[in-house]
Amino acid sequence: MGSDILLALAAPGHGGLPEVVSRSNDEIGTKIGINGFGYFDLFGFRFWITSTHIALAVIVLAVTVLAILANRAIRKADPYGKPGIVMTIIETVVEFIDNTTYSNMGEKHGGAFRNYIGTLLLFIFFSNISGVFGLRPPTADYGVTFGLAMITFFLIHINGFKYQKMKHITGLFDPIPLTPINIIGEISTPISMSLRLFGNVLCGTVIMGLLYNLLPKFLLLFWPGAFHVYFDLFSGAIQAYVFTMLTMVFISKNFEE
Amino acid sequence: MDGIFNKEFVQGCSALGAGIAMIAGMGPGIGQGYAAGQGAAAVGRNPGARGTVMGTMILGQAVAETTGLYSLIVAILLIFVNPWA
Chain A
1 MGSDILLALA APGHGGLPEV VSRSNDEIGT KIGINGFGYF DLFGFRFWIT STHIALAVIV
61 LAVTVLAILA NRAIRKADPY GKPGIVMTII ETVVEFIDNT TYSNMGEKHG GAFRNYIGTL
121 LLFIFFSNIS GVFGLRPPTA DYGVTFGLAM ITFFLIHING FKYQKMKHIT GLFDPIPLTP
181 INIIGEISTP ISMSLRLFGN VLCGTVIMGL LYNLLPKFLL LFWPGAFHVY FDLFSGAIQA
241 YVFTMLTMVF ISKNFEE
Chain B
258 MDGIFNKEFV QGCSALGAGI AMIAGMGPGI GQGYAAGQGA AAVGRNPGAR GTVMGTMILG
318 QAVAETTGLY SLIVAILLIF VNPWA
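If you read the protein sequences in the order shown, they are chains A and B.
According to our numbering, the first sequence is numbered sequentially starting from 1.
According to our numbering, the second sequence is numbered sequentially starting from 258.
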C-alpha cells in the first residue's frame with residue numbers, strides 16, 4: 001500500500017506541485033549559485049568568467065583603494081596632534097594585527113608574518129562581508145577558499161623544513177603504528193580549513209538567497225537586515241579571524257624545538 | 258520499477274536525505290554550548306583574562322563547528338547540485 005502511494009506520487013504529471021517546486025528551485029539556484037557571464041577558449045580549455053571573478057576583482061580594487069587612502073592619511077597625519085577618526089580606525093586595525101601576530105607566533109617570528117597575516121585577514125573579511133553590498137561572496141566558491149588553504153599548507157611545510165630540518169619528516173613516523181594517521185592529519189589540514197570557511201559563507205549565502213526569494217515582498221523591507229548582520233558581518237568577521245588564527249597556530253607549531 | 262527513478266521521486270528522497278544529514282548539527286551545538294559554558298566559568302573565575310578566554314573559546318568553537326558544516330555541505334550538494342535530480 002505504501003509503495004503504491006509512493007509510486008502514485010512519483011508518477012509524472014499528477015499535479016501542479018512538482019512543477020512549481022522545481023521551477024522555483026531552478027530560479028533560486030541561479031540566484032544563489034555561481035553564475036557564468038562569459039567565456040574564452042585558451043589552449044583547448046574553456047575558461048568561464050563567473051560571479052566569483054567579478055566579485056574578486058571588485059574586492060581587490062576596493063582593498064587597494066582603501067590601502068592607498070590609508071597610506072595618504074598616514075602621510076598627512078600629525079604625530080603630535082589628536083588623531084582623527086580615520087587614523088583611529090587604521091591604528092586599531094594595525095594594532096590588532098600586530099598584537100595577534102606577535103602573541104601567537106612569538107616576538108621572534110611575528111614580524112616576518114604580519115604582512116601576510118594582515119593581508120589574509122583583510123581579504124577574507126572584505127570577501128565575507130561583500131554579501132551586504134550585493135555581491136556573491138567569493139569565499140562561497142570552493143576554489144577561492146581551497147587556494148587560500150593551500151597557501152597555508154605550503155607555508156606550514158616550508159617553515160617546517162626551514163626550522164625543523166629533517167625532524168619534520170621523521171616526526172611523521174614518531175610512533176610507527178600511527179604513521180597513516182599522521183599523514184592523513186597533515187593532508188586534512190587544508191581541506192578542513194577551506195571547508196570551514198566555505199561552509200560558513202555558503203550557509204549565509206544560501207539562507208539569504210532563500211529569504212530573498214521565498215518571503216513575501218512586504219517582509220523584505222526590514223526582515224533580512226537582521227540576518228545580514230548575523231550571517232555577513234558577525235559570521236564573516238569570526239571566520240576571517242578563525243582562518244588567520246589557525247594559519248598562525250599551524251605555522252608557529254614548527255618554530256618550537 | 259521504472260517509475261521509481263523519475264525526477265520527482267529522486268528530488269523528494271534528496272530532500273529527505275538533506276534533512277537527515279542535518280541531524281549532525283546536534284553535535285556541534287552540544288560542543289559549542291559546552292565550550293561557551295566553560296568559557297563563561299573561566300571568565301567568572303578570572304575576569305582579567307577575558308580577552309584570551311574569548312579568543313580561545315571562539316577558536317575552539319569554530320573548529321568544533323566543522324563537522325556540522327560537513328553535513329551542511331552534504332545537504333546543499335543533495336539539494337542544489339544533485340546529479341540524479
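Hints in this document: simulated from the structure, not taken from any laboratory.
A few of these clues could be false.
To be verified - Some chain A residues close to chain B (C-beta under 8 Å, calculated; not the full set):
no., residue
1, Lys-165
2, Gly-199
3, Asn-213
4, Leu-214
5, Leu-233
6, Ser-235
7, Ile-238
8, Met-245
Cβ atoms here follow ideal geometry from the backbone N, Cα and C, with glycine treated the same way.
Hints versus structure:
A distance limit of 8 Å between C-beta atoms decides the matter here; for Lys-165/A the minimum to chain B is near 29 Å, and the interface restraint is violated. Using the Cβ-Cβ criterion of 8 Å, the hint placing Gly-199/A at the interface with chain B is satisfied: the shortest such distance is roughly 3 Å. Interface restraint check for Asn-213/A: the shortest CB-CB distance to chain B comes to about 13 Å, outside 8 Å, so the restraint is violated. Violation of the interface hint for Leu-214/A is found here, the shortest Cβ-Cβ separation to chain B being roughly 14 Å, above the 8 Å cut-off.
For the restraint placing Leu-233/A at the interface with chain B, the shortest Cβ-Cβ distance is roughly 15 Å, beyond the 8 Å limit, so the hint is violated. For Ser-235/A, the interface hint is violated, since its Cβ never comes within 8 Å of a Cβ in chain B; the closest pair sits about 10 Å apart. At its closest, the beta carbon of Ile-238/A sits 6 Å from a beta carbon of chain B; the interface hint therefore holds under the 8 Å criterion. Taking 8 Å as the C-beta cut-off, the interface hint given for Met-245/A holds, the closest approach to chain B being about 5 Å.
Hints 1, 3, 4, 5 and 6 from the list above are not met by this structure, while the remaining hints are.
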